[in-house]
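In order, the protein sequence lines correspond to chains A and B. Per our numbering, the first sequence runs over residues 1 to 168. Per our numbering, the second sequence runs over residues 1 to 436.
Please keep in mind that the hints were generated in silico from the structure rather than gathered at the bench. You can trust all of the hints, since none of them are fake.
Below, in silico cross-link-like pairs of lysine to aspartate or glutamate (EDC-like), each with a Cα-Cα straight-line distance of 16 Å or less:
#, chain 1, residue 1, chain 2, residue 2
1, B, K409, A, E50
2, B, K409, A, E46
3, B, K409, A, E51
4, B, K68, A, E74
5, B, K172, B, E144
6, B, K407, B, E352
7, B, K129, B, E221
8, B, K226, B, D240
9, B, K140, B, D61
10, B, K211, B, D233
11, B, K228, B, E218
12, B, K127, B, E221
As the structure is a computational prediction, the values presented were derived from the model and not from experiment.
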Amino acid sequence: MVGAVAVTKQLVIHPERCTACRMCELACSFEHEGVFNPNRSRIKVEIFAEEAFYLPMACYHCDDYPCGQVCPTEAIIKDPNNRWITVVDNKCIGCKMCMQACPFGVMGFSAEVGVAQNCDLCGGNPQCVKFCSPNALEFLDVEETRHHKRSMFAAKVREAMKGEAAVL
Amino acid sequence: MTSPIPQQAHYVIIGNSAAGLNAVDATRARDLSSSLLLIADEDTHAYSRVATPYYISREIDDSTLFYKSPEYYQQRRVTTLLGHRVVALDADNHQVKLAEGTRISYGKLLLATGSTPSRPPIQGLEKVKVFPHWTLAQAKDILERTCLSESAAVLGGGFISLLTLNAMKSLKPSIQFTVIERLPQVMPNLLDEQAARMLEQRMTTQGIQVKTGVEAIELAELPDGKTKVTLSDGTEQRVDMVVLGTGVRPNVDFLAGSGLQIQRGILVNERMETNLPDVYAAGDCAESFDLLSGERVVHAIWPTAVEQGRVAGANMAGGASAYPGSLSMNVLDIFGLTSASIGIFQDQAGLEMLRFFDFKRGIYRKLALREGKRIVGLIAVGSPEEVHYMGTIQSVIRRQIDVSPWKDKLLQNPNLYGRIVLEASKGKSSSPLPTV
Numbered sequence: 001m002v003g004a005v006a007v008t009k010q011l012v013i014h015p016e017r018c019t020a021c022r023m024c025e026l027a028c029s030f031e032h033e034g035v036f037n038p039n040r041s042r043i044k045v046e047i048f049a050e051e052a053f054y055l056p057m058a059c060y061h062c063d064d065y066p067c068g069q070v071c072p073t074e075a076i077i078k079d080p081n082n083r084w085i086t087v088v089d090n091k092c093i094g095c096k097m098c099m100q101a102c103p104f105g106v107m108g109f110s111a112e113v114g115v116a117q118n119c120d121l122c123g124g125n126p127q128c129v130k131f132c133s134p135n136a137l138e139f140l141d142v143e144e145t146r147h148h149k150r151s152m153f154a155a156k157v158r159e160a161m162k163g164e165a166a167v168l
Numbered sequence: 001m002t003s004p005i006p007q008q009a010h011y012v013i014i015g016n017s018a019a020g021l022n023a024v025d026a027t028r029a030r031d032l033s034s035s036l037l038l039i040a041d042e043d044t045h046a047y048s049r050v051a052t053p054y055y056i057s058r059e060i061d062d063s064t065l066f067y068k069s070p071e072y073y074q075q076r077r078v079t080t081l082l083g084h085r086v087v088a089l090d091a092d093n094h095q096v097k098l099a100e101g102t103r104i105s106y107g108k109l110l111l112a113t114g115s116t117p118s119r120p121p122i123q124g125l126e127k128v129k130v131f132p133h134w135t136l137a138q139a140k141d142i143l144e145r146t147c148l149s150e151s152a153a154v155l156g157g158g159f160i161s162l163l164t165l166n167a168m169k170s171l172k173p174s175i176q177f178t179v180i181e182r183l184p185q186v187m188p189n190l191l192d193e194q195a196a197r198m199l200e201q202r203m204t205t206q207g208i209q210v211k212t213g214v215e216a217i218e219l220a221e222l223p224d225g226k227t228k229v230t231l232s233d234g235t236e237q238r239v240d241m242v243v244l245g246t247g248v249r250p251n252v253d254f255l256a257g258s259g260l261q262i263q264r265g266i267l268v269n270e271r272m273e274t275n276l277p278d279v280y281a282a283g284d285c286a287e288s289f290d291l292l293s294g295e296r297v298v299h300a301i302w303p304t305a306v307e308q309g310r311v312a313g314a315n316m317a318g319g320a321s322a323y324p325g326s327l328s329m330n331v332l333d334i335f336g337l338t339s340a341s342i343g344i345f346q347d348q349a350g351l352e353m354l355r356f357f358d359f360k361r362g363i364y365r366k367l368a369l370r371e372g373k374r375i376v377g378l379i380a381v382g383s384p385e386e387v388h389y390m391g392t393i394q395s396v397i398r399r400q401i402d403v404s405p406w407k408d409k410l411l412q413n414p415n416l417y418g419r420i421v422l423e424a425s426k427g428k429s430s431s432p433l434p435t436v
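Model the full structure from these sequences, guided by the hints.
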């Protein structure tokens, strides 16, 4: 496997599609905690009401994960295969340095268990995605994500070049 | 693996904690072939100093405390010399000298010797048994004595003192504690007066006696085995144990006469180089500079040691890594109150302070602004939720983003920080969000 790039999936967020219905939060808290409680969700919708801008936020599973680098007990690990970040509960001492280090503010804390808590992508079957009716959340192969990005960018270029003489 | 003592190594790292081990990783990421020798005076496998309070309260087991795998050194081709103290540096000959007299030659040397609890000038301090808390051995001592004690005086009301107290209290809730802090408030490096009052109140309601603006002037052992602590206000305490938590100082005494430039700590530049060739320093023993003020500073905190260790390790192996300067930051979650601070937050001339209180939810926030528009620091006290936005605000501070358009909303809605970073990133680099 040395040198091979593992196929991995990631959570893709489309803020422009989000309606702030917060079903993702309910799905998340029910999946993980068995209750419908947005406060205990690992995904949170940030709501900027005046501008009607809504942004669901959850762990980005960064490549250089600052949470794990600062962890004083190495309780935050990255899976070498799928590249996801996991908090190992019985190693976490609850010191919260990871929360302080996370540049996106998406490392959470479970007051019940006393450990840090991030989005674990429901082990590969994220419930938030399932219940997101406007499709603001998707769970895609990294390759697929890149393909989407490419075609979106190409569409923008095409739009910008409309009216100009065809080159080909 | 600890014998025989090698006579030389290309890389010699003194220190077996955050700075030293992160330097090992950063060095080995670039150079796996050259010899690497790690020397430490403690005779234990690497353990996490941050975790020792949780060891005292028996909340964790050894596998958490000893956070590196047993194969850690072997996997990185590190030769270890544990339980050996370096007593001198001979930079002219590129050598360090061990306590037993052996000399070891180095190609590159990293000083990551950390710090040690300071001993304040209290009469009788050398004659009685006191309990500092820094090493694992000391934590074990505290654990043992706590089980036998019914009362304890904690000298110093700083971070380590209160964490230790909290751990002892979890282990044995019946102990009567008295905290003695010389300054007018507890946690002077972490909290402002307001926040400290909130914490003191919590402590008091949990039966802890908090005495601020008072210091211990004399310690004496009594015939019944108790220790008498005489305070500057004329009162005295008779306790079963005395915890010494009056701060730490860099471990640099052995470097006197080596030619190294030392003020409080070993002076380093942004590459973590000292004034001597091929000698680097990182972590608690190093004096680098503050990210915001540019002033020389020793920030004896774990995240700083991690960062500096990485920079030093990379540069020792031929890299070109630069340290941006350190940003002080701390989180404390004790007595049911979470408090966090970052950067500069004490009232001072030239800084505008914005304050926010939510009495119902028990939240206090304070923002320090430079030129009325750039955040240089923050304190937040309340629930663990308050720590959430610390990372985002760190980006705002590090990049010194102009926050004036959001100024009136910042305190009420901390979620804005993410938005501010996002706005500032627009056009500059690609968005950090994996949006399609």
